[in-house]
Amino acid sequence: MSQPAAEQTLPVPPRLPMLRTLGLVAAISGFLVVLTHQLTTPLIEENKRIAIERALFKVVPGAVSRRDFLLTPGGIEPDTGTAPVGGMRIYAGYDEQGKLAGVALEAAAQGYQDVIRVLYGFDPACQCIRGVQVLKMAETPGIGDKIARDPEFLRNFEALDARPDAAGGGLANAIVSVKAGSKTEAWQIDSISGATISSRAVARMLDDSAQQAVPVIMRHLEAFGDAAGGTP
Amino acid sequence: MSLPARYENVTADTFLRGLWKENPVFVMLLGMCPVLAVTNTAINALAMGLATTFVLLCSSALVSLLRKLIPKQVRIATYIVIIATFVTMVDYAIQAISLDLYNALGAFIQLIVVNCVILGRTEAYASKQRLGAALVNGLGMGAGFTLALLCLGTVREILGAGSLFGVPLFSENFQPWVVMILPPGGFFVLGAWLLVFAWYRQRRERRLLEQEGVTTDGR
Chain G
3 MSQPAAEQTL PVPPRLPMLR TLGLVAAISG FLVVLTHQLT TPLIEENKRI
53 AIERALFKVV PGAVSRRDFL LTPGGIEPDT GTAPVGGMRI YAGYDEQGKL
103 AGVALEAAAQ GYQDVIRVLY GFDPACQCIR GVQVLKMAET PGIGDKIARD
153 PEFLRNFEAL DARPDAAGGG LANAIVSVKA GSKTEAWQID SISGATISSR
203 AVARMLDDSA QQAVPVIMRH LEAFGDAAGG TP
Chain S
-2 MSLPARYENV TADTFLRGLW KENPVFVMLL GMCPVLAVTN TAINALAMGL
48 ATTFVLLCSS ALVSLLRKLI PKQVRIATYI VIIATFVTMV DYAIQAISLD
98 LYNALGAFIQ LIVVNCVILG RTEAYASKQR LGAALVNGLG MGAGFTLALL
148 CLGTVREILG AGSLFGVPLF SENFQPWVVM ILPPGGFFVL GAWLLVFAWY
198 RQRRERRLLE QEGVTTDGR
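Going down the list, the sequences are from chains G and S.
Read the first sequence against the working numbering and you will find it ends at 234, with the numbers running on by one and no gaps.
Read the second sequence against the working numbering and you will find it ends at 216, with the numbers running on by one and no gaps.
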């Protein structure tokens, strides 16, 4: 059944030209990619820094400069960026006098379509959340995406109560979302009517993150020091 | 045995074909994935179109230059490596230009690698033509693709958000037609544009046919 004659007539693949061409193309490709990477990396880093600072200065009123910290099991350490240590990143914002104006943390939770990521600002002076900025979301335009812009909804975060409890293991009152227009307590979030799932996601991510971070932040407040890096 | 290589002379048609007669989106219906996915605003559509044009132009040029060196057996692998290189460059460049734009376009920048407009052009045209013709044709195809994306992007943004390139067009009373910036809107608008193009083409063909009828059998 085999057809040796047919097999013999198959042309032999030109090995050398194949290797030569693929090698040449791979070399050109590698050169171009590395060149682009080298040229654009500083610009991309700068863009990322601007994006973080733009969001930070919105959620921490009065902040003009920033330093990064890491929330580790042992407390709060400056983020030197040398070794990737596990833990939450905390951006500390300082006012014009160089005093701590507030800290900002990232929080995330599953929204209606995809994970919603926000940056929220915590003010240790009033022990409350002072602002929320959506970093990434895929909520329905016109409905769920109101969490980023709706002025009524954003008013929830002018002074959202986030006091730690007496034992220091969590918040005194869990942050919860309530039906639109029925907010009675400082730790409640008025939902957007029609966008309950997105509103609830915001409440849940703030609660999750603040339950862990706020007690530690309040215990180690002196670790943030001032804008110059010293301790007050 | 093999046919002599037939090189095309660069004419206006080499460029214009991509815009009209062989428009990658409205005529060939290629690359539908970014066409439907990132045309929710005019600026996204323009950025995607320009990114694709850059990749198309550069990979056409390189493939055309290397056409005599590439053995038939590994040509697709070679094309993919070349295309992926330029896509990676665009990916970095867009991050450097604007992170907001990069986030809006999402994974579709990387997906330019598998855009069949580009692979189709390199395989069917650039690998057989001289550098000049490949460049001009690639530019035409890229312009046609960008134009088609803009056609969708402007309509969807005007109807779905009441603005154009982010500039509001209507008074506060305008109620945006939100479905237009959602995925179904992409299909609606694409369908409408295809209808317009097909109607126009048919009308022109009928007119040509009528003219021929007059000249051949004198009716």
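No lab work stands behind these hints: they were computed from the structure.
The beta carbon of each residue, even a glycine, is placed where N, CA and C say it ideally should be.
Mixed in with the good hints, there may be bad ones.
Using C-beta positions, here's what the derived DEER-type ranges look like [to be verified]:
id	chain 1	residue 1	chain 2	residue 2	range
1	S	V164	G	D152	19 to 25 Å
2	G	T43	S	F162	44 to 50 Å
3	G	R17	S	G103	37 to 43 Å
4	S	L147	G	P16	24 to 30 Å
(request) Return holds or violated for the Cβ distance of S:V164 and G:D152 against the range 19 to 25 Å. (result) Taking Cβ atoms as reference, S:V164 and G:D152 lie about 22 Å apart, which means the hint holds.
(request) Could you check the hint for me, namely that G:R17 and S:G103 are 37 to 43 Å apart, CB to CB? (result) holds (41 Å)
(message) Looking only at beta-carbon atoms, does the pair S:L147, G:P16 fall within the given range of 24 to 30 Å?
(response) Since the Cβ atoms of S:L147 and G:P16 sit about 44 Å apart, the hinted range of 24 to 30 Å is violated.
(message) If I claimed the Cβ atoms of G:T43 and S:F162 lie 44 to 50 Å apart, would that claim hold in this structure?
(response) Given a distance of about 29 Å, which is not inside 44 to 50 Å, the answer is violated.
Figure legend: structure checked against the earlier numbered hints; hints not met, in rising order: 2 and 4.
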